[in-house]
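*Asks:* Here is how the chains run, residue by residue.
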Amino acid sequence: ETGVTQTPRHLVMGMTNKKSLKCEQHLGHNAMYWYKQSAKKPLELMFVYNFKEQTENNSVPSRFSPECPNSSHLFLHLHTLQPEDSALYLCASSDRGTDDEQFFGPGTRLTVL
Amino acid sequence: LAKTTQPISMDSYEGQEVNITCSHNNIATNDYITWYQQFPSQGPRFIIQGYKTKVTNEVASLFIPADRKSSTLSLPRVSLSDTAVYYCLVGVYTSGGYNKLIFGAGTRLAVHP
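Residue numbers (our numbering), protein chains in the order written: chain A, 1 to 113; chain B, 114 to 226.
One or more of the hints may lead you astray.
[Unchecked claim] In the DSS-like style, the derived pairs of lysine-lysine whose C-alpha atoms are separated by at most 25 Å in a straight line are: (1) B:167 to B:116; (2) A:41 to B:116; (3) A:41 to B:213; (4) A:52 to B:167; (5) B:213 to A:36; (6) A:22 to B:213; (7) B:116 to A:36; (8) B:116 to A:40; (9) A:40 to B:213; (10) A:41 to B:182.
Simulated from the structure, these hints should not be mistaken for laboratory data.
This is chain A alone, in the form it adopts within the complex (with noise of 0.2 Å):
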């Protein structure tokens, strides 16, 4: 148990569903990340938050949407999708920012259809 939970743990969803996954932390941290683990490539970092402001966006595509409501919540909007972004999606907080240790939730566990 690391601090930081995310749910759903699975989730199907076809091309044409929206959806949205969703992280909380419970460390009291500032700095919030989205990351994308698929089997043939290394870890990728997708968005960075800090104190609730998008630092860092990795050239992601607009069909994913992050959103920060507060330090604690981290969310990821799903909207039409593709098979190839079917993957591990990883949420990650850290206490001072990019550079400090960062805790990781177990992950979400995406398939499209």
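Since the structure of chain A is already known, use the hints to place chain B on it.
*Replies:* Frame of chain A; chain B shown alone:
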């Protein structure tokens, strides 16, 4: 921009010391190096972080030579529970901070009885 390269897999036996090396030829002065461990169905877990020379904590050591083009994670006296995937990460400093996080593809360590 730094690119990280690490061996795909390694095998060891209980009680041995394991050294996993990551190559990051284009690392810049202010970039940092971190190692994470990941078990199946879990998010990565922080092991150790450093900038130069040697860092040691209760679970591992990190050796970084003067040119910083590589780093070596050293796990003393491994046990079966150390069987996992180990990721090297280079945190790249840009004008706004450490917003480029470059992960290696991971090294799958198998510890045998």
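*Asks:* Does each hint fit the structure? Answer for all of them.
*Replies:* So, going through the hints one by one against the coordinates:
no.	hint	verdict
1	B:167 to B:116	holds (21 Å)
2	A:41 to B:116	holds (13 Å)
3	A:41 to B:213	holds (16 Å)
4	A:52 to B:167	violated (35 Å)
5	B:213 to A:36	holds (14 Å)
6	A:22 to B:213	holds (23 Å)
7	B:116 to A:36	holds (18 Å)
8	B:116 to A:40	holds (16 Å)
9	A:40 to B:213	holds (20 Å)
10	A:41 to B:182	holds (22 Å)
Going through the hint list in order, the structure does not satisfy hint 4, though it satisfies all others.
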